[in-house]
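Single-letter residue listing:
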Amino acid sequence: MASVTFRNVYKRFGDVTAVNNLNIDVADKEFLVLVGPSGCGKTTALRCLAGLEEISDGEILIGDRVVNDVAPKDRDIAMVFQSYALYPHLSVYDNMAFGLKLRKVPKEEIKRRVNEAADILGIRDLLDRKPRQLSGGQRQRVAVGRAIVREPKVFLFDEPLSNLDAKLRVAMRAEISKLHQRLQTTFIYVTHDQIEAMTMATRIAVINKGVLQQLDTPQNLYDKPNNLFVAGFIGSPAMNFFAGKLRKDGGKLLVDTGDFVVPIPASRAKPYESHAGKDIIFGIRPENIHDADFIPPNIDAEKVSVKVDVTELMGNEIFLYLVSGKNTFVSRVDPRSKLRVGQQAQVAFDMDSFHIFDAATEEAIR
Amino acid sequence: MPSISQTFDSLRSSQKFQKRFSIAIRLVIAVILIVFSIFPVLWIVSASFDPSQSLATQTSLIPSNASLQNYQRLFSKDPNYKFGDLVFEKWIWNSVKISGISTILSLMITTMAAYAFSRMRFKGRVTMLKGILLIQVFPNLLALVAIYVLIFQTGEIIPRLGLNTHAGLIMVYLGGSMGMNIWLMKGFLDTIPRDIDESGMVDGASHWQIFWNLILPLLRPILVVIGILSFIGTYGDFILARILLNDVNQYTLMVGLQIFTSGQFDQKWGVFAAGALIGALPIMIIYLALQDQIVGGLTQGAVKG
Ligand SMILES: Nc1ncnc2c1ncn2[C@@H]1O[C@H](COP(=O)(O)OP(=O)(O)OP(=O)(O)O)[C@@H](O)[C@H]1O
Ligand SMILES: [Mg+2]
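Protein sequence lines, in the order shown, are assigned to chains A and B.
The opening position of the first sequence corresponds to residue 0 in numbering that gives the first Met the number 0, with each subsequent residue numbered one higher.
The opening position of the second sequence corresponds to residue 0 in numbering that gives the first Met the number 0, with each subsequent residue numbered one higher.
These are calculated hints, taken from the structure and not from any lab test.
Treat each hint with caution, since some may be false.
Unchecked claim - List of simulated lysine-lysine pairs, DSBU-like, C-alpha gap at most 35 Å:
| no. | chain 1 | residue 1 | chain 2 | residue 2 |
| --- | --- | --- | --- | --- |
| 1 | A | LYS106 | A | LYS129 |
| 2 | A | LYS208 | A | LYS251 |
| 3 | A | LYS28 | A | LYS152 |
| 4 | A | LYS129 | A | LYS110 |
| 5 | A | LYS269 | A | LYS28 |
| 6 | B | LYS122 | A | LYS72 |
| 7 | B | LYS185 | A | LYS72 |
| 8 | B | LYS185 | A | LYS103 |
| 9 | A | LYS269 | A | LYS247 |
| 10 | A | LYS72 | B | LYS76 |
| 11 | A | LYS337 | A | LYS306 |
| 12 | A | LYS177 | A | LYS302 |
| 13 | A | LYS129 | B | LYS185 |
| 14 | A | LYS208 | B | LYS122 |
| 15 | A | LYS152 | A | LYS208 |
| 16 | A | LYS337 | A | LYS302 |
| 17 | B | LYS185 | A | LYS100 |
| 18 | B | LYS76 | B | LYS89 |
Every value quoted in this text rests on a predicted model; they were computed, and no experiment measured them.
Based on the sequences and whatever the hints tell you, model everything.
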């Protein structure tokens, strides 16, 4: 068990900087998820930690030890690859035992550990099979099993669920979370799927173009995104953004999008005072836009006129795609809503839960 | 409307006819090809049982006075017959030994070189790969004189690698077969995902352990193919062996057999045919034993999904 530290880590491939000044402290026993869009450098960061890529600059520590020059096999880590990378000619048992055999662990001990891992993962019946005789989900378990038996200090996962179908992915998500609880070891997990990140992580590192955007708990990322990228990346459907201006009108601060104007409640106005007159981006999540007929009690609702463009009935909720002038946006409303396509209607913005970003820097204004 | 249905019918029957016709054509072509390739074999078989020793007198495929005489002569079991220093068994053994050793050595070198070319990044890698290919472009024949001189001079320093030694011949074969095989093998290795190497690396394996425990087992199909090609190639080689070996006891089968055809008025075609047939046995045995793997190696990649 160990902590992991990235200290000013850079990784360049020619003139591509895949990892750009990465600083992350992962506590012992933490479940850290690296998330970001495709090509943002998540895998590269993980491979640097595994020792499969040499870093161009900076330091990586596992525990208190700088591992820059330590070979992968001596880093005491285990990695689950996106492709699983099972050894095709070895049985499931031998796949799992391979690392232990290399380390000259006694036969009895190997057997005990493999069987134990197989029991945890429910693959006891598959031990004699070859990888090609397994389904995708079973291969995935074997790959995880191969990592478990090694009892490493740190587990690394590179998009282990991306080859599974939607249902299995949800099930495996829960299993990996359980595994983390059970093993009490540091997990570092790479995914491009923000839902996976939100559901499993103790903390999430959002990365874009090689640069760490924000490192925080799932709830904080959701409630207090640092910048426009994080705000748009975390949450599904994504946050709605409106380009506009902050305007001061008789002591009240207003957000003017050109199509509609909403006032900022006095209680929240303070951080924005200094930005009056500037270009901003106003952000609000779909679930904070309500059908005007079903406004929850005790919120600071601000009505806006819209036209309903598309409706998606999800059963327990309805997604409305709304148009207001040049802006289109999504709201997630009460299933009792009677709003239908083509209708002119009123929706209510919950002015307790909005976000404002500086249009120039894209940083959140707080 | 009868006219339409009639045209339709005739069209259908003509399609049927076309189909049959094309099958017939294919059959004819196949038969011609088979006859074409099997005829020399049949002729050799026939000649080996024909004691008359002459090409001219052999007029039918089934010799009128068939006997095992040629085979007896080949193994010096015919008391009425003497043909110089005939050591047929020795030649076969020499051929099998030389081909076997050079095949195994060449597989080892090829595989390791291809692994390095496929998996490691070093300076001059691409240049070397292209160089290997370029050298292959020149026919071996061009280098005959050079090879002769090379082996001759090597022999001055290390006699065991010189002229008239099997080791020297094996060295020459090794150099000749390597280029193409390295490319073939590298192509196959490139289809094995690097993830497997990396997974092994994280699991704690050294480069050698990865090569030996994880990659080599996956190479079996291509090893079989390259091994057989290389064995057949060296087993069937005449010109290099003829030039480098000059003692009848050192001869390979191909060089030895040639003795039977070389005397101007004294050719022994029947014995030659018998020798050629027996000489083909090792190759046939290997081929039959590894048949499935050859097809597999030529058609499938390393890692099935
Ligand atoms: N070996 C390499 N040589 C050159 N460029 C590379 C190499 N590996 C990665 N890159 C580049 O580095 C950047 C980050 O790649 P990386 O694989 O880390 O992305 P990722 O975040 O894992 O994306 P994905 O979600 O698609 O897997 C990409 O622009 C990629 O093209
Ligand atoms: Mg990746």
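If any of the earlier hints don't hold here, list their numbers in rising order. Going through the list in order, the structure violates hints 2, 5, 10, 12 and respects the others.
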